[in-house]
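A.B. asks: Let's have the full structure, built from the sequences with the hints guiding it.
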Amino acid sequence: DNMDSNIVWVKMLLDNNACWVAPDTIVEQVMNGVPRSSLSSTYDLALLIFWIFGIFWGYAINKLLLAIIGLVGMYLLLKKHILPSNTPDYIPLSVAFLFGSLPFWSFPATVAGVPLAFWAFLNLRKQDTRLVNWLALILYGVNSSLILTGFFVLLAMTLIFLFDWIGRRKFNIYLFAGLALLSITYILTHFPVFYAHLVPTVGYVSHRTEMHMMGNQEMGWYYFVYALQRGGPSHLIIMQIPIILPLACFTVGLMLFKRQINRNFIIIFSAILFSTVLVTILNLTAVNEIMTEVYARTIPLDLARVQWLTPTLWYVLFALSLALLIKYYPKSKYFVLVLVALQFANIKRPTSSYRKDSNSPMTYNQYYSPQQFGKIKECIGKDQKDYKVISVGLAPAVSQFNGFYTIDGYLADYPLQHKHAFQEVIQGEINRSGYIRHLFVDWGSCCYAYSSELMKVSKTGVENSLPTINLDYNFEKLKQMAKGKEVYVISAAEISNTELELVDTFIQDEWYWKIRLYKVK
10 DNMDSNIVWV KMLLDNNACW VAPDTIVEQV MNGVPRSSLS STYDLALLIF WIFGIFWGYA
70 INKLLLAIIG LVGMYLLLKK HILPSNTPDY IPLSVAFLFG SLPFWSFPAT VAGVPLAFWA
130 FLNLRKQDTR LVNWLALILY GVNSSLILTG FFVLLAMTLI FLFDWIGRRK FNIYLFAGLA
190 LLSITYILTH FPVFYAHLVP TVGYVSHRTE MHMMGNQEMG WYYFVYALQR GGPSHLIIMQ
250 IPIILPLACF TVGLMLFKRQ INRNFIIIFS AILFSTVLVT ILNLTAVNEI MTEVYARTIP
310 LDLARVQWLT PTLWYVLFAL SLALLIKYYP KSKYFVLVLV ALQFANIKRP TSSYRKDSNS
370 PMTYNQYYSP QQFGKIKECI GKDQKDYKVI SVGLAPAVSQ FNGFYTIDGY LADYPLQHKH
430 AFQEVIQGEI NRSGYIRHLF VDWGSCCYAY SSELMKVSKT GVENSLPTIN LDYNFEKLKQ
490 MAKGKEVYVI SAAEISNTEL ELVDTFIQDE WYWKIRLYKV K
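When we follow the working numbering, the leftmost residue of the sequence shown carries the number 10, and every step to the right adds one.
Hints may contain errors.
[Stated by the list, open to error] Keeping only pairs whose Cα atoms sit at most 20 Å apart, straight-line, the calculated EDC-like set for lysine to aspartate or glutamate is:
(1) 88 x 98
(2) 488 x 510
(3) 530 x 495
(4) 391 x 510
(5) 384 x 395
(6) 386 x 37
(7) 494 x 508
(8) 384 x 510
(9) 528 x 387
(10) 384 x 503
(11) 488 x 433
(12) 384 x 518
(13) 357 x 10
(14) 391 x 513
(15) 530 x 433
(16) 530 x 481
(17) 488 x 392
(18) 391 x 24
(19) 384 x 519
(20) 488 x 508
(21) 494 x 510
Everything labelled a hint here was simulated from the structure, so no lab data went into it. Here the structure is a predicted model, which is why all the values come from computation and not from measurement.
C.D. replies: See the structure below:
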């Protein structure tokens, strides 16, 4: 979910000198031109790092930075606000290390920075007005997503502010100022988002207006079990099983047995259960239909994203469980360290189903294959602006990364008109597969050149022997979408359609993809 989207979106911004341009500036390289805001909804620190260091080293530096932010933020939060004062230092240090070593999704500190933001807010709540607290909030605001976590961080701290104001009759001016500071920072860094919604481009209608959120009873129950096992969506790899969740349940029993209840533990555990139940409810059919209407008439903010706070909550709960274990059984130090070591091994287990974003069998160069796609570019022999391509059997991100102008693409927001036009091209394949219909018609963010035959194949790289396929496409409509330019098909499988002319094949042992280049007649 980085390599087929986020990374290549930034790469296209860099290649088209569009990092810091106006949100409605059109970037022509993808889908016949989309607003700059469709490729990146922020002007932020992560983007600046890419702009300075380039796409590969920018990505590496961003990942290192978010790991450091996660480690430091979690340690400060645990040490200052969560754990009892007599807790041994090795507990907050080791848990902070575990949290920082999680394979966080994407490259900003959206999830990794939550503990740091909570630490700064809680400091302000205690009248600690040191400059470092304000700087921490600014750092989080310029290096995180308002949509995924920022809104819910602000919501949680606003509830605490209201509790102090109404329940304790204390208007905490410093906490209020912190909320205002983070809000203003988000308005500045997320200006493209606000601009797109408040100043809509004339004639622009997003494909999201027709997006249908899927939900049913089975999916709701699945999310409940899945969230308790791993923490939430596939982007959140927390790994509670088999260490953290059983230990937390044991700690509840231990507190009841000792008749000593830790308030922080109960609050955190309750928050986790509340978010899990909320996501379950939101996926029930009746509720899902209601919320779809609500999102369509108001702001399309998915409330289920509250689960993006749960990585922080789970590791805070883990630290509290270890601290209480030491409190009740002082001689259990080595057992605690064993649990920490086991959890680290659990995080790093080489199971792709658990670490799908971080355990890819491909390297960076294998996936984007710049040498191979350089050969394809040489074979076509024209300026990349002067023709269009689509990709079959591999993500169009690979072509986009290498500078090709694509009719297909993966964007969270692009023109509905383009989706409708591309649907006319691939309607035959949509009719062949209910899953393709779900992916394209109901969801639509992946505007891909789907093949129902390749949907049955788990991988389309060089190690797989792919079937020869026949695409049920409207190739005349595809040529119309190219607006008079030639159209090429970059395919990982052999295609038998008579509407296509095989130009060349690009296959070498060191390349991951077996590419056939076709030209639409």
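A.B. asks: Give a verdict on every hint.
C.D. replies: Each hint, compared with the structure:
1. A C-alpha spacing of about 8 Å is found between residue 88 and residue 98, which places the hinted pair at or below 20 Å, so the restraint holds.
2. Simply put, residue 488 and residue 510 have alpha-carbon atoms about 14 Å apart, close enough for the 20 Å limit, and the pair holds.
3. Taking the CA atoms of residue 530 and residue 495, the gap is near 9 Å; set against the 20 Å cutoff, the hint holds.
4. Restraint check: the Cα-Cα separation between residue 391 and residue 510 comes to about 18 Å, which is no more than 20 Å; the hinted pair holds.
5. At roughly 17 Å between alpha-carbon atoms, residue 384 and residue 395 fall within 20 Å of each other, so this suggested pair holds.
6. Note on residue 386 and residue 37: the hinted pairing holds, with a Cα-Cα distance of about 18 Å set against a maximum of 20 Å.
7. A C-alpha spacing of about 16 Å is found between residue 494 and residue 508, which places the hinted pair at or below 20 Å, so the restraint holds.
8. Simply put, residue 384 and residue 510 have alpha-carbon atoms about 18 Å apart, close enough for the 20 Å limit, and the pair holds.
9. Straight-line distance between C-alpha atoms of residue 528 and residue 387 comes to about 15 Å, which keeps the hinted pair within the 20 Å bound.
10. Restraint check for residue 384 and residue 503: the C-alpha separation of about 18 Å stays at or below 20 Å, so the hint holds.
11. Restraint check for residue 488 and residue 433: the C-alpha separation of about 12 Å stays at or below 20 Å, so the hint holds.
12. Straight-line distance between C-alpha atoms of residue 384 and residue 518 comes to about 15 Å, which keeps the hinted pair within the 20 Å bound.
13. Between residue 357 and residue 10 the CA atoms are separated by roughly 19 Å; this keeps the pair inside 20 Å, and the hint holds.
14. With a CA separation close to 15 Å, the supplied pair residue 391 and residue 513 stays within the 20 Å bound.
15. For the given pair, residue 530 sits about 18 Å from residue 433 by alpha-carbon distance, which is consistent with the 20 Å threshold.
16. Between residue 530 and residue 481 the alpha-carbon distance is near 15 Å, which keeps this suggested pair within the 20 Å criterion.
17. Under the criterion of a C-alpha separation no larger than 20 Å, the hint pairing residue 488 with residue 392 is consistent with the structure, at around 18 Å.
18. Of the supplied pair hints, the one linking residue 391 and residue 24 holds, its CA atoms being roughly 18 Å apart against a limit of 20 Å.
19. Pair hint residue 384 plus residue 519 holds up; C-alpha atoms about 14 Å apart against a cutoff of 20 Å.
20. The suggested pairing of residue 488 with residue 508 holds, with an alpha-carbon distance near 11 Å, which does not exceed 20 Å.
21. At most 20 Å may separate the alpha-carbon atoms for a hinted pair to count; residue 494 and residue 510 meet this at roughly 16 Å.
The structure meets every hint from the earlier list without exception.
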